[in-house]
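Work out the full structure, taking the sequences as your base and the hints as a guide.
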Amino acid sequence: MKALVVGPGRIGCGFAGEVLRSAGYELVVVARDPAMAAHLNRVGRYHVRMGHGGLARETAVDGVRAVPASSTEAVAREVATCDLAAVAVGARNLPAVADLIAPGLAARDRPVNVLVFENEPDAGGRLRALMAERVRPPASVERHGYAGVVVTRAMTGRLGSPASDRPLTFVGDFASRFAVERRGLRADLRPLPGMTVTDDFEASMHRKLFVFSAGHAATAYLGHLKGYRFVHTAIRDPEIRAVVHAAMREGQRGLAARYGTDAAGDRVELEAIVARFENASLADPVCRVARDPSRKLAATDRLVGAARLAEAAGVRAHSLAFVIAAALSFHAEGDPSAEQVESAMRRGSVLGTLIRLSGLDPLEPLGHRVGFAWSRIARSRYHENFLLSLRNGSWAWEPAPEATAPVARPADTRLETPA
Amino acid sequence: MRIGVIAHRRWPAALGPLMSEAARLLVEWGVDVEAVHPEESSGDVAALGRECDLYLLEARSDLALSLAGALEADDATIVNPPAVAVTCRDRLVATRILQRAGVPVPASYAVAHAGKLAPLLEDGPLLVTPWGACAGGGSRLVRDIDELDAMTDVASPVFAQRHDARDARLRSIACVGGQLFGVERGWPDDEGYEPFPLTPDLCELALRAGRAFGMELFGVDLSMSDGRPHVTEVSSVPRLSSVPDGALRLADYAYDAVRRVVSDEPLRTVARGAGAL
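In order, the protein sequence lines correspond to chains A and B.
Per my numbering, the first sequence starts with residue 1, numbered consecutively.
Per my numbering, the second sequence starts with residue 1001, numbered consecutively.
These are calculated hints, taken from the structure and not from any lab test.
Honestly, I wouldn't trust all of these hints.
Below, a sample of chain B positions facing chain A; criterion: calculated Cβ distance under 10 angstroms [stated by the list, open to error]:
1) 1031
2) 1109
3) 1182
4) 1200
5) 1203
6) 1248
7) 1249
8) 1252
Beta carbons: idealized from backbone N, C-alpha and C, even for Gly.
This is how it looks when you write it as structure tokens:
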């Protein structure tokens, strides 16, 4: 049995590859970086290190070979002969993946499932649509499965260099469950460790995005605002912890209204998630989790999506609004997405930026809530400055009095704190 | 990962409250933290050896500085190098370094004994500090000859700085890996420090002082004279106890630093300024 993994990154190798190899599949990895493909062929294995607290486990994933994405014929041969395919390339790279795998899928006699490991509620459907644009006749796209996958494991980094002969190590936590979208499957899918197949994939994906991912992003953006370097440090700050907790609770309340309370999770789950953010063995930098804010501020993504769902349920998403404002203020050198947000903020208002980035309706109360939250941040939000207190808005340093006019703090900006 | 904290023995805890809390967090995050008490050392020079990936030098006694120096000779990485700590402790040298770096300092005098300060009192009060004292320890405000004559218990030589009588606040800036925090208290009456927001000018002043000594973990004490801030003292140990979440911030910095050391990444980052958005 052969499994093909497109994308040798943290999720591709660190999760999908490890699961598939442990289930007995031979593993073939398609890598865009020729150096990565050469490394995997040379070394033949990599490691996955999982840890939390004092516990750590390292798994060797062996029997690995790789094909560079530039070798399109070789990729097509592997696609045509694999028993299962997985894609983990970042959602914005799905069109390129569709180009890459289309010839191989067209050449197959047997149907195959392509598992799409992207943080999108309809990543499977999107890849299917992209394939329909590339295969003839378009209806033949229905022969193969394109199913979204939602992963619980947080994979935070990769140690080592493809230039080296030492195996790479992918670092993550112990979470091992993942859910596969049933409606996207076309071929039989053998049971895999930790896998469930779900009929309500959208709810599963939204639960991850609007609770775990929203909380993770909130910890990072607020941590950045307060000058912390690591997620596990930021979440130990009582103010940040309270807002993160409240933001995730807002996400849960929105989910409960849309999908029912069972699909939303409870306070116990929130505590378990916060405990995962405390996991220092990941040494997860705030800037890594916060990067690419323009994607994370998209209409359906973790922050705005969660806040809109909450608002639609009648929940005033104060805490998520504050986190969105923090995301708008995120700055990281070398992050084009952050520069894009920053540039938009320079050119226009908070509301204008949210309309552009998040497709927000100007009449939505969320926009105004974010505007109010921004007014608490904006006065002294300078690069290299950081908040000493979220609650009273005191900064490490303040500009000269004539540099900026004070911004009024409306009464509506109170942050929710967990009960 | 293992961090050694070179500190004076405290009771009942081995470290002071802030350092204890920072150490507790670091241990929780999987870092071994060892308190190194110079006064409890066996004294066997041959037995000295680097046992930690990174050291924090909190104590500033002669023995602590020598121990840190010996560890450094053994290729230990010390966040606040002992040579800099020694320089900071020598107020004459430190003040001259600050002056040469363009950092405003009060008029300063190093004299063989306190009596030689008498003529200087005609121009106003002086803050007189025994030689080798640090972090404001033992400093006294002397306004006239009577107060000077009363200083019979001050060891010679002494270091003195001009003091503006209108300045009733003690301000201190702590720098932790490029992040700056201001704390202040009323002087001489108040005891507890409270945070105060820095200005870009004060940030620049502190960073310039830190750069003059090549430090990224340090503290500076400030005085105001004619409405202008002056740096009165630089310390290789920042005053963090009154900084909001000071222990958490120190632990965050130390965790990053020890990770860098074990990953062979450079430890020091360029101290950052207050660049506008």
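Of the hints stated earlier, which fail here?
-> 2
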